[in-house]
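Engineer: Below are the chains, spelled out letter by letter.
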Amino acid sequence: MRKGDKFIIILAIILIGYLYNITGFYHGIAQEARIITPGQKDIIIPLTRNASFTVEGPLGNSIIVVENGKARFTRSPCRGQQCVRSGWLERNGTFAACLPNRVSLFLNDPEQTYDTINF
Amino acid sequence: MTTTQKLNTCKEDHIVAWLAALAISIHILESALPSPLPGVKPGFANIITVTAFLLYGWRSAAWISGLRVLIGSLLIGSFLSPTFLLSLSGAVASMAMLILLGTINSPLFGPVSYCVTAALAHMATQIGIAYLFFIPHPGLFQLMPFLMTIALITGIVSGYIVNSCLKTITREHQHEQ
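Chains as they are written, first to last, in the numbering used here: chain A, 1 to 119; chain B, 1001 to 1177.
Worth double-checking, as some hints may not be accurate.
[As the list claims (entries may be wrong)] Simulated coverage check for chain B against chain A, where a stretch passes if three residues somewhere in it have a Cβ under 8 Å from a Cβ of chain A: (1) 1019–1026; (2) 1142–1149.
[Said to hold, decoys possible] When the alpha-carbon atoms are kept at most 27 Å apart in a straight line, the in silico BS3-like pairs for lysine-lysine are as follows: (3) B:K1041 - B:K1167; (4) A:K3 - B:K1167; (5) A:K6 - B:K1041; (6) A:K6 - A:K41; (7) B:K1011 - B:K1167; (8) A:K6 - B:K1167.
Just so you know, the hints here were simulated from the structure itself, not pulled from any lab data.
Cβ coordinates follow ideal geometry from the N, Cα and C atoms, glycine included.
Construct the complete structure from the given sequences, taking the supplied hints into account.
Structural biologist: So, in structure tokens, the structure goes:
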């Protein structure tokens, strides 16, 4: 490999790193979260304030915590604990759902983009 | 009664035809390979284009690249389909990049440089064209860093292959003389 080759590769790595950086921010940090429960109105919570929410579902109480602009399930009465394992949500368009307890947590996407596209 | 007409071919025509045939074969072999993501393939047909570019200049390389896109798509059955347009635009972009590096013509840049820049230009143009004509959704650009990473890796690998091709070819030439 010649000197110019290394230079080009380093340049390319910088370019790609930059791409990773800007596309990561494309979805943007969410400003608010929406808790969806059956039979109730959606609860919209701001992510700017640390708080904890207890939501009742068919199985019991799910606890959703907001901390430092992120939100997550911390406790759930379900068996699988998929919702808790989804971890912290921060970006627009991300979500965690507890199907057994029918509680889901959506980080709002103000642009309301598509979930998926295929053709 | 049949009449045969003799076409006057020069040495360059033969080289172009042979190398284009090779590039088309690689192109078709690659399209038969299973791919983790639609449209992601190693692009090793570009090895032939870059080798031809470095040995015989951009005209031959452009012919080989153009023939590969045209005949490859006819054989695969994607002629004038979106895939064809993506393939064509990528080929034009990588050719433009090769010509750009060729005009700089610095001894600092070896085959790896040529392959990497061509691969990146190929991928970036394809994403741009796909966005303009087929998937006008900004989410497409989410794929860009990942696809560009793959392009970089395959570019480096093909660069090394071009390097060893050139070495073998020059050694063969010395044997003949």
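Engineer: Now tell me if each hint is right for this structure.
Structural biologist: Comparing the hints with the structure gives:
1. 1019–1026: violated (count 0)
2. 1142–1149: Coverage by chain A holds here, the residue count being 5 at a Cβ distance below 8 Å.
3. B:K1041 - B:K1167: Given pair K1041 of chain B, K1167 of chain B holds - Cα atoms ~26 Å apart, limit 27 Å.
4. A:K3 - B:K1167: Holds. K3 of chain A to K1167 of chain B sits at ~18 Å (cutoff 27 Å).
5. A:K6 - B:K1041: holds (24 Å)
6. A:K6 - A:K41: violated (58 Å)
7. B:K1011 - B:K1167: Measuring from Cα to Cα gives roughly 22 Å; hence the hint holds.
8. A:K6 - B:K1167: Between K6 of chain A and K1167 of chain B the Cα gap is close to 20 Å, so the pair holds against 27 Å.
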